[in-house]
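Chain A is already provided as a structure; the job is to place chain B on it using the hints.
Going down the list, the sequences are from chains A and B. If you read the first sequence in my numbering, its first letter stands for residue 189, the second for the next number, and so on. If you read the second sequence in my numbering, its first letter stands for residue 2, the second for the next number, and so on.
Hint data in this document are derived by calculation from the structure and do not stem from the laboratory. Among the hints, a few may not be true.
From chain A, some residues computed to sit far from chain B (all C-beta separations above 10 Å) [said to hold, decoys possible]:
1) Pro259
2) Arg335
3) Arg404
4) Phe421
5) Gly466
Computed beta-carbon distance windows for the label pairs [what the hints assert, rightly or not]:
6) B:Gly26 to A:Glu376: 16 to 24 Å
7) A:Gly325 to B:Leu33: 24 to 32 Å
8) A:Gln214 to B:Lys62: 46 to 54 Å
9) B:Leu33 to A:Leu481: 31 to 39 Å
10) B:Pro30 to A:Glu376: 45 to 53 Å
11) A:His305 to B:Arg63: 21 to 29 Å
12) B:Pro30 to A:Gly325: 28 to 36 Å
13) B:Arg63 to A:Leu454: 22 to 30 Å
14) A:Gly268 to B:Leu32: 48 to 56 Å
15) A:His192 to B:Gly26: 49 to 57 Å
Looking from chain B toward chain A, a few residues come up when the C-beta cut is under 10 Å (computed) [said to hold, decoys possible]:
16) Tyr56
17) Asn57
18) Pro58
19) Gly59
20) Pro61
21) Arg63
22) Cys64
Ideal Cβ positions, reconstructed from N, Cα and C, are used throughout, including at glycine.
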Amino acid sequence: MNPHDSPVSRVLRDNPHVSLAYVDHQSNPPTLHITTEPTAQKNALALPDELQHHRLSIHISEPLKILIAHPGYETTPLNGHQHCQDPPIQLGCQVQPENANWVGTAGCPARWTNHGHDNWGFLTNWHVAAAGDKRVGRLIYQPDTSRPPIATLDTWKDVDPNKPNLIDAALCNSMLSEFHSTSELILEIGKPRYPFVDAQIGHNAIKSGRTTALTRGRCVAVGASARVGYGSFTAQFDDQDVYEGNAGSFSAAGDSGSLILHADTLKPTSLLFAGGGGTTIGNPIRHVAQALLLRFPFP
Amino acid sequence: MCKITLETNQMKAATSIEPQADFMGCLLPALLQALPIFIQAFVECLGSGGTTTGYNPGGPKRC
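The following block holds chain A by itself, in its conformation from the complex (with noise of 0.2 Å):
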């Protein structure tokens, strides 16, 4: 079935303030998620007819949005992903984009295709290394402006705030003279392995990223549909995967772009790109492999 013609991507498009609908077929009868606004009430809900007799969970939290941070936005005590590091860089790690007042996290090691060259680099979001000023070349930094860039934004696929999107994606070449500046290996968490999985309901999750550093949690959903809120306008994403932490938040402000991997084989799974209460959104990996002609395994 096409993702954006799901029931649950026509509840997000006929119920503005929804921002979060998944269903959950182990449960019997089947059980509707739905996360939605504090203003918004129960019998204002559209539902399609496919989900008329599913159970109904309503939850009320604050509106999913981007996890991009502050330069000056740090934890206590500061953790070593927001460290300067001398090459090849451990990814996980703080960057931040040129001509941008953001930062967030170089999260996977990658290789791609790009007009018939292997290049190597990292992968994170669009958000993160591409909004705001979309050029192949754009410097990206690291751990900030104050050093020198460790790479170059080289190719990405932009998030439409009027269609439905799968991926929240941009993948930056480290290789800026005679070396790649990064590293295949990922801060607390060491090399990813490969293939790559489609994320499991209830399997155990783990991720590396600029602001918590390294969490753990579950994945509790998949096939969701999200509305993430990007500051200046909001874009809905269908077949999404969804992470709960297991003690406190799975991810905060900064940890966009970070890679969640299976905790027990640490295969990748999702792209970590928007949250909010207690919830954590990723994209399948396996979308933004397909999109973003990514290669694996990464040598």
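Okay, now just chain B, sitting in the frame of chain A:
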């Protein structure tokens, strides 16, 4: 009639075939049995790019 040894961990196949082995009855089934191993090795080789040429981590200190 024939003895086939597959060393799957090393991604290679070694065959020891006695003189009377016939192609359809022995060698062909052995080759078919080994085919998935060769395909897997080929795919993994493609996936890794065959070599690590092109990825050159390092560079001067910057901190």
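Q: Against the structure, test the hints numbered earlier, and report the numbers of the ones violated in rising order.
A: Hint check: 2, 6, 7, 12 fail, others pass.
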